[in-house]
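Q: Use the sequences and the hints to build the structure in full.
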Amino acid sequence: MFLGITSAGWLQLVLFMAALTALAVPLGGYVARVLSGQRNLLSPVIKPVEGLIYTMGDVRPDQDMTWTDYATAVILFSFGGFILLFGLLLTQGFLPLNPQHLPNLTPDLAFNTAVSFVTNTNWQSYAGEATLSYFSQMVGLTVQNFVSAAVGIAVLAALIRGLTGQTTDKLGNFWVDLVRIHLYILLPLALIVAVALSSQGVIQTFVSYVTAHTLEGPHQTLALGPVASQEAIKMLGTNGGGFFNTNSAHPFENPTPLSNLIEMLSILLIPAALCFTFGQMIGERRQGIAIFAAMTLVFVPLTAACIGLEQAGNPHLTTIGSDSATNMEGKETRFGIANSAIWATATTAASNGSVNAMHDSFTPLGGLIPMILMQFGEVIYGGVGSGLYGMLVFVILTVFIAGLMVGRTPEYLGKKIGAFEIKMASMAVLLPCALVLICTAVAVLTPWGQAGIYNPGAQGFSEVLYAFTSAANNNGSAFAGLSANTPFYNSLLGLCMLFGRFFVLLPVLAIAGSLAAKRTVPASSGTLPTHTPLFVVFLIGVIVLVGVLTYAPALALGPVIEHLNLIKG
Amino acid sequence: MSLIKHIQPTVVSLAVFTVLFGGLYPLATTAIVQTAFPDKAQGSLIRDGQTVIGSRLIGQNFTQPQYLWGRLSATGPAPYNAAASSGSNYGVNNPALIEAAKARRDALNLTGPVPVDLLTASGSGLDPHISPAAAAVQVPRIAATRHIPQQRVRDAIAAATQTPDFGVLGEARVNVLEVNLRLDGRLK
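Chains A and V, in that order, give the protein sequences.
Take 12 as the starting number for the first sequence in my numbering and just add one per residue.
Take 276 as the starting number for the second sequence in my numbering and just add one per residue.
Just so you know, these hints were derived from the structure itself, not from any lab.
The beta-carbon is built from N, C-alpha and C at its ideal position, and this holds for glycine as well.
A hint or two may mislead.
[Said to hold, decoys possible] Label-pair restraints from in silico Cβ distances:
1) A:Ile-578 x V:Asp-314: 46 to 54 Å
2) V:Val-294 x A:Ala-141: 24 to 32 Å
3) A:Ile-412 x V:Asp-314: 56 to 64 Å
4) A:Arg-419 x V:Val-294: 48 to 56 Å
5) A:Leu-34 x V:Ala-306: 25 to 33 Å
6) A:Ala-33 x V:Arg-427: 44 to 52 Å
7) A:Asn-51 x V:Val-294: 20 to 28 Å
8) V:Pro-439 x A:Val-56: 37 to 45 Å
9) A:Ala-563 x V:Pro-439: 33 to 41 Å
A: What follows is the structure, encoded as structure tokens:
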């Protein structure tokens, strides 16, 4: 035991971080080759398919786009995906592969679910096995799991080109980025992970639900489906929307500790790898390593704290005769405390939002940690692409603040940071914060918002705060006691997801366009180096300060009061 | 106009990705895993002759004294509803959490402390496992109800116990359904 964590718990945390780093470094290099259009291992197979898609789409791959052009393509593509998914969910009752004869979704639920998947949030107002047909899961959700992830990486690629470009207005071609990310990165990884998960017992079948004649009492209906293929991309694309209601706590989504490790690694794999991709593409690996270090230095201590808090658990249990206070409510036996807590922090550090344990039943402070990780703006690894572009926004703010302190013009990677970049960066950082706090206030003050609250007292407030935190930062996990499948929550959370995605993504593209037009100035003795431990600490300081200053009052009303209630007994 | 020129690539790429990721990718995955791991891909079902009696991965509700009991389950309308997975979502201070734990404690009627996993509901409501400690405390009740030596119950439990994967990953666990099938002589 150290800090209240068992040695097995520490060992699993260390193993997880070691495996993550070992996989992320080579993958990062590969992704850099793909995004730069260099030949790679898969080129002989994929190049012809790629060319065929460009021909059909009338795309000229050598034609680069300005930032407004790139943004237009992103918006149009996302809007098209939304219409497709919205229409499909509204009409699933008439569509094939629906052995349970599940009806069409209501308009508000279809809106919420479509927005949720297009924005890479994957908030679950729906209950997978009871709401969605196999067709909706496969042709609707699985497709958006891929494409919303690819859009995030594409926008990151455009930002990197903005940082490296020299007095140009071109940021690359969105369609080329999109096709290459799908075919070279997401598809091969998803196939490997799907097969690996299936070897552990994750199901992949199209037959209708099976009736089991149980040993004791009534029959048991086993919900089935094509789970493995969706599970793989759900984790890799930081999507997180479960095939089943209880997501990766469900044994058919996550049957063994090994499948659990594969899924947890898949959550952080691409976001972590992109740090190394970034270093390689700007031609200075140590810049990528510094960002990876900053993320890891926030992630590991918070994860250890979460394990310790869940291990210390709920003293109410021992007073009624339990052999320990360990907080096993909402957790699965095969995962135990350590794997449930590592998952909870990984899924909220990244904007994944899948769960393998019920966060609403975490201890108050154990549940505060996932919440604050989202409130940092989903930049601790973050979503695929969106995590790193969000982090780079914080980097820009950090060099600006540092520049103010020493009285020098701020610059990053040789690009002068001007008023326009700071305005855009501030908007990208502050808008999600405003959405969370305003919508939480609206919900707790109105009868429609209060109606969804499940747990009594401060925990009920935390449920609402968590929901809007999750939606506006495009995470998708929940304190799931909240009854969010109502027109009020479906609409308001849907709008939060939309604004939280596009009013970060658009300012980022604007920054990319503005930086690309500037000349790179050589570093001088007056330049603040951005790869040093000092800068890493400063960057972490800015992220934590913005998060804590914004959310401390709200967190005091929710998790902190609930914790005080817990220890007073 | 830049909007117009993006319409064709939008339509074509959405169509191509829908066919590829909504159709070919799941079908290819199905073809591979149904060949490589047919039993697992179909849900690790346990059959008695032609009848499906459950899945190795999905817990069942046990309340009778001759059976090993599993985790509490918060699924509705009945526990262990495998068509509507759900956790309790009780917060730590929710009185309902303590009431459910007390009811379970009283039903178990043990002399010593109760292993915590028997007093709490799982995340999925379908947890197939309990800890070895939670299985051990139930041995006397099962043996007495069935009029069999306690060692036979312990053997059935030992045969359904898994250690952490590779010695480090996850927790030691006992598959409740497998123990009960062995006790009933339906699984060798």
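Q: If a hint holds in the structure, say so; if it doesn't, say that too.
A: Now for the hints, and whether the structure bears them out:
no., hint, verdict
1, A:Ile-578 x V:Asp-314: 46 to 54 Å, "holds (49 Å)"
2, V:Val-294 x A:Ala-141: 24 to 32 Å, "holds (28 Å)"
3, A:Ile-412 x V:Asp-314: 56 to 64 Å, "holds (58 Å)"
4, A:Arg-419 x V:Val-294: 48 to 56 Å, "holds (54 Å)"
5, A:Leu-34 x V:Ala-306: 25 to 33 Å, "holds (27 Å)"
6, A:Ala-33 x V:Arg-427: 44 to 52 Å, "holds (47 Å)"
7, A:Asn-51 x V:Val-294: 20 to 28 Å, "holds (24 Å)"
8, V:Pro-439 x A:Val-56: 37 to 45 Å, "holds (39 Å)"
9, A:Ala-563 x V:Pro-439: 33 to 41 Å, "holds (39 Å)"
Checked against the numbered hints given earlier, the structure satisfies every one of them.
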